[in-house]
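> Protein chains in written order, with our numbering: chain P, 120 to 529; chain H, 380 to 784.
Don't take each hint at face value.
[Claimed, not checked] A few chain P residues facing chain H, derived, Cβ under 10 Å:
1. Asp191
2. Leu218
3. Leu344
4. Gly385
5. Glu396
6. Ile470
No lab work stands behind these hints: they were computed from the structure. Beta carbons are placed, not taken as given, at the ideal position from N, Cα and C, and that holds for glycine.
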Amino acid sequence: MTERTDIHKLANGMTILGIPMTQVQSAAFDFLLPAGASVVPDDCCGAPAVICDWIFRGAGGRTSRELTDMLDGLGLHRGSSVKSKHINLSAALGADNLLKAVELYADIILNPALNSEQFDFSRQLALHELSSLQDDPMHKTMLLLREHFYPDPLGRSPLGCQKDLQNLTAQMCKQIISENFNISEIIFAVAGKYDFKSLCSLLEKLFSSEKPKKTKNINPKKQSLVYHHQQYDGAQVHIGIMTPTVTPQSADYYNARVAVAILSDGTSSRIFTEVREKRGLCYAVGASYHSLKEMAGIGCYAGTTPDKAQQTYDVIITEFKKLADGLSEDELKRAKIGLKSSLIMQSESTIARAQAAAMDYYMLGKVRSLDEIKQQIEKISIQSVLKYLKNNTFEKFCSITIGPAKIKPQ
Amino acid sequence: MEFKHKKLANSLDIIAEVNKDAQSAAVGFFVRTGARDETDKINGTSHYLEHMLFKGADSLSAHDVNRCFDDLGAQYNAHTTEENTVYYSATLPQQLYEAAKLWCQLMRPAIRDDDFNMEKNVILEEIAMYKDLPDFDVRENCRALHFGSHPCGKSVLGSVESVKALTSEQMREYFGSRYTPNNVTAAVAGNFDFEKICDCIQAGCADWQPKHADRKKEYFAGTAKKEHQKRKNLTCRHICLMSPTVSYQDQRSYAAALLAKIIGDDTGSRFFWQLVDTAVAETATMHCEAMDGVGAYYSYIRTAEENGSKVMQIVEDIFKSLQKEKISAPELQKAKNKVLSSITIKNEIPMGRLIELGFNWVYLAQYRPIEDEIQRIKEVSLDDLTALLRDFPLMPFTQFSLGPE
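Between the sequences and the hints, there should be enough to build the whole structure, so can you do that?
Shown next as structure tokens:
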């Protein structure tokens with residue numbers, strides 16, 4: 120396993136990261152563009168989702184069809200998503216076509232056609248996506264949970280809101296692109312088979328003429344963690360619970376990850392055992408760590424039929440609170456093995472490694488090596504987890520339910 | 380990559396592809412059984428039984444099983460379809476052997492009544508969960524409508540009624556008839572020692588009594604029926620279309636997979652340009668499911684309720700045009716490029732390779748190296764697509780849709 124990380128910065132501040140993987144024939148890359156859901160003006164919620172689609176509708180003098188044909192011709196698997204701070208454009212393909220793909224992406228980012236007729240299609244698709252969320256209560260629960268957990272605008276839904284999407288114009292989106300596609304904050308990460316020297320000289324050629332812009336600051340509003348319910352005439356009550364914890368920058372980060380692992384990683388974890396195995400309350404139940412740069416939380420989802428909703432909620436909250444009472448050596452050992460093992464297995468995927476490198480750099484200003492992460496996990500002890508839990512008690516919860524019945528939150 | 384095969388005296392096949400460069404290793408047990416092998420009375424048993432395997436064997440409790448997998452740092456799971464039940468795990472190479480030993484024990488489950496009754500609640504919750512996922516629900520209903528009385532129309536989850544009525548005795552009987560050595564394949568992929576893994580599996584499975592399990596295979600082209608249901612909690616229209624195509628065993632399955640990509644890939648396909656790019660539908664995809672002796676194209680389209688008929692008009696026009704006009708060479712080449720790069724990316728991870736390796740053995744009783752798969756895709760010609768469309772036209776199709784009241 121390689122442990123090298125390639126890093127290069129262009130004069131204008133754009134960051135280029137590389138994780139070489141000698142055993143693969145593919146390459147994956149990831150662009151983090153600082154134009155996520157929380158950075159757009161208050162009346163433009165959903166604009167990043169529209170932009171994500173619009174910039175692919177022609178670029179660099181090519182029509183939408185020509186551009187798509189070229190991307191498809193490279194056998195490229197593309198993904199784009201909107202996060203709190205970023206629009207994330209990712210792609211995976213055979214390594215031979217990497218440089219050609221990067222050239223096309225440079226046009227998509229720097230020279231999109233932004234045709235006004237095409238804008239209406241992008242906006243319409245965003246509206247469709249928003250309305251189809253009504254038919255997906257599980258997904259909706261998790262989006263609402265983040266919206267109510269993180270201080271506004273940090274937790275904004277990437278799908279936006281109907282009123283803003285309906286009022287959104289091509290001009291407004293062009294303005295957002297021009298203000299937010301700030302080259303000095305763009306992070307590009309590649310993983311797999313590549314030649315860093317040729318990649319950097321190509322990126323230099325493509326991106327170096329861009330000038331850095333002023334960095335935007337966000338001032339999140341205060342948020343109180345309370346209970347929200349949405350009535351939905353479905354088969355299950357969808358429960359979302361989130362409690363604050365430390366961010367990756369904290370010295371306690373790995374203690375938090377071990378705590379989450381004991382609660383919910385693997386089928387011997389406490390929540391799975393108590394909710395599903397011992398009581399048969401749910402099929403889908405689990406908690407995971409989620410972080411922004413400013414704030415982090417442990418989010419939990421459970422779906423259950425209405426008569427079991429209260430008990431499911433109570434059991435989960437009890438397990439969160441009980442963790443500070445103590446944990447066993449066996450639990451700690453299993454949590455460490457699980458975290459290390461999934462780290463190594465994820466490292467086999469070019470896509471996962473490119474995304475992790477970009478996110479590490481954004482969060483920490485560096486890319487952690489696999490060895491560094493393993494060593495940090497190894498250092499965790501029962502005492503360190505308990506000390507972390509004492510200083511970061513699980514006592515405040517943001518709770519969401521969508522379904523035919525409400526619960527009484529604690 | 381090196382292929383290895385060993386057949387135990389009781390007919391259980393062990394197949395393996397060794398990749399010494401891999402960081403992990405994956406092991407799976409592929410059982411050739413699923414909803415199509417059930418009677419109406421015990422519908423849902425294959426899937427319920429999959430859950431019961433994790434409840435342990437005679438000397439292992441459910442908690443022991445969970446703890447053992449987590450002790451190994453394993454990523455593990457199982458899934459049940461109309462015709463397969465697959466159990467799999469990925470671990471670091473040194474943990475593979477213990478994981479395989481554990482699976483061997485689980486393949487002879489205790490099916491204790493207490494566990495059976497508790498897990499019934501979980502299965503009923505799973506059925507409820509999928510009721511709240513209309514994209515799943517519409518496919519499930521469309522499959523039942525398409526296959527009619529053919530066994531492939533049976534629900535994998537079963538109904539609330541069939542699951543509630545099922546007894547542990549019926550499950551044990553089903554287990555005895557389906558989890559026979561000739562009906563199970565043990566597959567291994569990644570970085571490991573073949574002799575050592577064989578010893579583990581042999582020690583765990585050699586005493587399984589030989590018994591022959593088979594499956595009745597009848598080709599069925601589908602009913603081509605149409606049905607729409609209204610649900611008060613829905614906002615969008617969800618449409619599923621099915622039409623017949625070749626089986627997994629048919630050489631033309633590569634052409635069928637490429638044709639589905641040309642029509643319904645999520646970018647650059649005919650559906651994409653005419654439905655998604657124009658914002659008539661939010662999602663429009665097609666894929667080919669080549670099965671044991673039968674096959675079907677599935678299309679799924681999600682759109683605003685008021686766009687329902689417009690979408691169907693466009694889809695029918697696309698299907699009709701494919702009968703009249705030849706697919707272009709660049710269209711086919713793009714589809715090939717996409718499929719070829721997916722193969723490369725998927726097979727770089729032992730868990731991805733395991734699934735391909737296992738299914739090729741289950742359906743074809745043969746090993747296909749990746750290079751062979753790549754060659755078969757490259758060889759598909761425009762004439763192959765024309766011939767396929769002539770033999771399996773996309774119309775008439777079965778259509779099931781869900782929408783708001």
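> Give a verdict on every hint.
Here is how each hint holds up against the structure:
no.: 1; hint: Asp191; in the structure: holds (4 Å)
no.: 2; hint: Leu218; in the structure: violated (15 Å)
no.: 3; hint: Leu344; in the structure: violated (26 Å)
no.: 4; hint: Gly385; in the structure: holds (4 Å)
no.: 5; hint: Glu396; in the structure: holds (6 Å)
no.: 6; hint: Ile470; in the structure: holds (8 Å)
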